[in-house]
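Colleague: One-letter residues, chain by chain:
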Amino acid sequence: MSGILAALALLFGKLSLLAIGGVNSTLPEIAREVVSERHWLSPAQFAQLYAISNAAPGPNVMISTVIGAHMAGAAGGVVATLGMILPSGILVIIASQLWERYRETRWRRIIQAALLPITAGLILAAAGVLARQADTGALTAVLTLITAGAIWRTGLHPLWLLGAGALVGLLTS
Amino acid sequence: MHAGQLPGSPADHKTPIMSDTPGSSDTRLRHWELFTGFFQAGILGFGGVLPVARRMLVDQRRWLTQAQFNDLFSLCQFMPGANIVNFCFAFGARHRGVSGAAAAVLGLMGAPVCIVMGLGLLYARYGGLPAAQHALTGLAAAAAGLVLGTALRIASPIFAERKTIPLSAAVFALVMFAHLSLPVTMAIILPVSLFVAWRSA
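Protein chains in written order, with this note's numbering: chain A, 1 to 173; chain B, 1001 to 1201.
Just chain A, same shape as in the assembly (with noise of 0.2 Å):
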């Protein structure tokens, strides 16, 4: 068992800092390793447990959360998490520091609107990226449009939003 429990810490502590971009762009790398790799889960079950991370509220991090508590019980879920988070934690704590005692510099600034550009770039990116996953057909196309519109132009809040999805999801079955 505590075998098992530091495979899980080291595992995502290493994805944690290899998580560039979040953890949307780190899925292919993780499905790689326990998946591919380490043989943990079928590819159907790595689909299922993803789904769940989805379907709970919290951060999208949580998928380490699932393969943990799969892997492991409760302990597993817990390790992962934490192995998951701490390592950027500690990094981005450390950077965001230095990130505001050099505010005013001039490099500071440029590297800040250098940023800018990709940081919306990437969320787009991520949201394409959900969007190819989810979107199976036209009806769930639309579904996705609806709600994007819904979230960008209204103050919405977006639990009725997903709670509609949901509804939809079971109407038209």
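In case anyone wonders, no lab produced these hints; they're calculated from the structure. Some hints could be false.
Stated by the list, open to error - Covered stretches of chain A, going by a simulated chain B footprint (3 or more residues, C-beta under 8 Å):
#1 30-38
#2 108-116
#3 146-154
Beta carbons are placed, not taken as given, at the ideal position from N, Cα and C, and that holds for glycine.
Since the structure of chain A is already known, use the hints to place chain B on it.
Modeller: Chain B in isolation, oriented as in the chain A frame:
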């Protein structure tokens, strides 16, 4: 704490999110506020926390302006790790150091981690039922729309600066269609983006 500022006004870029000067400790958020604020964001963050967290921080509690949020978020996106969890670490640490970061992250993750492990047990038992499958399909489609809508909200003020659009479009295409890994995409785009920013600085 920023009640006098209009979100997204140009002056916001010069306003520190948290002043480091001594004697400003009264403007720091308390541990309890950090915990409850991010608890709210985590527990309501279906299909991604970013939309709810941005709403909580900028629209509701006004702890940050839109520009301040974009500033800190772009740093968190550049660093490895989950963006919104990174944001929690950085934001909590700026207010109350390491224990502030712990309070914010615990608030964000504590309940969702318990819920998702409970859902894992339920799914193992009932997930094969057709009704559950259909509801999950609709939920996933709406969740993708949620992320897209938030992406548009974040991108549109950035795109007001027209020269950023080709750079963003290139990043989008490299990730979405060329399926390049993120480090490779960064290695290609960042030098160009730095050059553009340097020329106009």
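Colleague: Please go over all the hints and tell whether each is borne out by the structure.
Modeller: Here is how each hint holds up against the structure:
| no. | hint | in the structure |
| --- | --- | --- |
| 1 | 30-38 | violated (count 0) |
| 2 | 108-116 | holds (count 8) |
| 3 | 146-154 | holds (count 7) |
Hint violations for this structure: number 1 only, all remaining hints satisfied.
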